[in-house]
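Q: Whenever a hint applies, use it, and build me the whole structure from the sequences.
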Amino acid sequence: RKEVEQDPGPFNVPEGATVAFNCTYSNSASQSFFWYRQDCRKEPKLLMSVYSSGNEDGRFTAQLNRASQYISLLIRDSKLSDSATYLCVVNPNNQGGKLIFGQGTELSVKP
Amino acid sequence: DGGITQSPKYLFRKEGQNVTLSCEQNLNHDAMYWYRQDPGQGLRLIYYSQIVNDFQKGDIAEGYSVSREKKESFPLTVTSAQKNPTAFYLCASSMGATDTQYFGPGTRLTVL
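Respectively, the protein sequence lines represent chains Y and C. Sequential numbering from 2 applies to the first sequence in our numbering. Sequential numbering from 115 applies to the second sequence in our numbering.
It should be emphasised that the hints constitute simulated quantities derived from the structure, not laboratory data. Among the hints, a few may not be true.
Calculated pairs, BS3-like style, for lysine-lysine (alpha carbon to alpha carbon, straight line, at most 25 Å) [said to hold, decoys possible]:
(1) Y:Lys111 / Y:Lys46
(2) C:Lys128 / Y:Lys99
(3) C:Lys185 / Y:Lys46
(4) Y:Lys3 / C:Lys185
A: This is the structure:
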């Protein structure tokens, strides 16, 4: 089993759609969780951290379920500019800052 | 401007050559990291350093070497021992080991 596993994608959605990405992680002791966004041939950029209570930033909502070792990202009212690959990232915090990356889920928002 | 810079953006290497990738940050971050990304795969950790003059191997350190002589610099050398060096190399830094990591723009290395 991979340490961090994401929906395989790609997701092709029309503008204005709501899309949800799922991610599971295997290390139950993991403490920090993130969603990064990576545009084609660019570096990953932090989209949002994920907290146990869940958090929202505009059209983006992240949820964490520790019992199920599951993280989600919901994007409402999709824009063309949301097209990118979304990376689920886990920091076990007991491995010197080592981040574990999922393979990414590609999103394509069409007009 | 504060940030992380990597150079060069593109690098071509002949087989059997060593090459060094530059990573510099002016964010006053203690920790720095090197990752490798292959098409369709997640990032994999090569080396990381939590403090000057100290670094640890990541998951795929074979064929690579690093140094951390200055807080702001963490160069990566890809040696001829690295079997499949063609990849996208990303440097990152964070304030501390448990803090958010920020990435540089990356270097695309191609072995000819």
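Q: Work down the list of hints and note, for each, if the structure agrees.
A: Comparing the hints with the structure gives:
1. Distance check on the hinted pair: Y:Lys111 and Y:Lys46 sit about 22 Å apart at the alpha-carbon level, within 25 Å; holds.
2. Between C:Lys128 and Y:Lys99, the direct Cα distance comes to roughly 31 Å. Violation of the 25 Å bound is thereby established for this hinted pair.
3. Of the supplied pair hints, the one linking C:Lys185 and Y:Lys46 holds, its CA atoms being roughly 22 Å apart against a limit of 25 Å.
4. For the given pair, Y:Lys3 sits about 33 Å from C:Lys185 by alpha-carbon distance, which is inconsistent with the 25 Å threshold.
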